[in-house]
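S.K.: Given the sequences, and given the hints that come with them, work out the whole structure.
The opening residue of the sequence shown carries number 83 in my numbering; numbering runs sequentially from there.
Bear in mind the hints are in silico, worked out from the structure with no lab data behind them.
Some clues are possibly wrong.
Unchecked claim - Simulated DEER-style distance windows between Cβ atoms: (1) Pro281 - Ala90: 27 to 37 Å; (2) Leu227 - Tyr112: 11 to 21 Å; (3) Ala271 - Ala110: 32 to 42 Å; (4) Met342 - Ile149: 50 to 60 Å; (5) Ala175 - Gly129: 45 to 55 Å; (6) Pro121 - Val141: 17 to 27 Å; (7) Pro106 - Arg153: 15 to 25 Å; (8) Leu91 - Ala158: 16 to 26 Å.
Backbone N, C-alpha and C fix where the C-beta goes; we use that ideal spot for every residue, glycine too.
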Amino acid sequence: MSLWAVFALQDYVLTALHRAPWVPAENAGYGLLKLAALPVLIAAGFGHAVFVAWVGPVVVLVIVVNILLFRRVIPAHERSPRESAGHAPLRGAPLLRFVIPDYLATIFNQLTTWLLPVLVVVMLGSQANAYFYIAFTVVTAFNLLFVNVSTSLMVEGVMDERRLAALTRQVARRFLLWLVLGGVVLYAAAPLILAPFGPEYATGAGGVLRLLVIAGGFRAVISLFTAIARVRRRTGWLLAAYGGLAVILLPLAVVLARPMGLDGVALAWLIAHATVAVAVLVPMLRLLRTPGDAPQAWSSQPVPLLAATAVAAGDR
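M.R.: Shown next, in the form of structure tokens:
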């Protein structure tokens, strides 16, 4: 468990230290090592081959990435003129005022993701959950695109809050088209995407996938709001947003699942995200108009790393 925690945190440390291109390379390396190790271990008659193939690459990558971090990346980051002039790290009450609402908001966000499949199993059965979970996994992977973009926006925004509005417009221009095109492809090709799992998946989960894809646009708005609010240190607003999402989604899913089945659960996901996305639009615009701090005001503080970890862990 400790190794998995470090392995997960590495991605966000790299992002916070402006080494985001290393993240896909690290994850691709993990996948390749896992695929290469499994047949070798099975052929050698190694006991628990699947477990070892799954965990072994984690050990290797944790060692390699941490050596790179502590010997090269972090020292270079500390020597950078952009990072050298900063205020004292947040401590005590200011740090708690940032972290506690952020942590609670992350818990609410994770609850909406983790409890929904459990509700499907309880209310509709394991077969229905098999259909639902495939569609849910596909859309969750797609949603991570904008989550990762928002994380990078947050890291850049804390370096110079005065550029936050310009950075946000730049992100919206560059990735809105990809978000729309990706959503259209997923919506139109839903049966084809599900067909490899079996014809019954295309029939049973096609409508679910389409509803979840539509909700992806609203979830992108919430991810963008999350990044902006963390840059402005308004983590109480995050708690309100993700708490509201959980309060709307989970009861509504229970209500709609009875008459509508899986489509009702997916519709609840769409309605909840649309409601919260609309609700955060005005606060988000207000935060963007708020005058920002001078460059490097947060540069030496731990908040960018804490925030990057929270947003990525909460939306995965």
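S.K.: Taking the hints in turn, state whether each one holds.
M.R.: Tested hints:
1. Pro281 - Ala90: 27 to 37 Å: holds (36 Å)
2. Leu227 - Tyr112: 11 to 21 Å: holds (19 Å)
3. Ala271 - Ala110: 32 to 42 Å: With Cβ atoms ~24 Å apart, the hint is violated.
4. Met342 - Ile149: 50 to 60 Å: Holds, since Met342 and Ile149 (Cβ atoms, about 53 Å apart) stay within the stated range.
5. Ala175 - Gly129: 45 to 55 Å: Between Ala175 and Gly129, where Cβ atoms are some 52 Å apart, the hint holds.
6. Pro121 - Val141: 17 to 27 Å: The hinted range 17 to 27 Å holds for Pro121 and Val141, with Cβ atoms some 19 Å apart.
7. Pro106 - Arg153: 15 to 25 Å: At roughly 22 Å between Cβ atoms, Arg153 and Pro106 fall inside 15 to 25 Å, so the hint holds.
8. Leu91 - Ala158: 16 to 26 Å: holds (19 Å)
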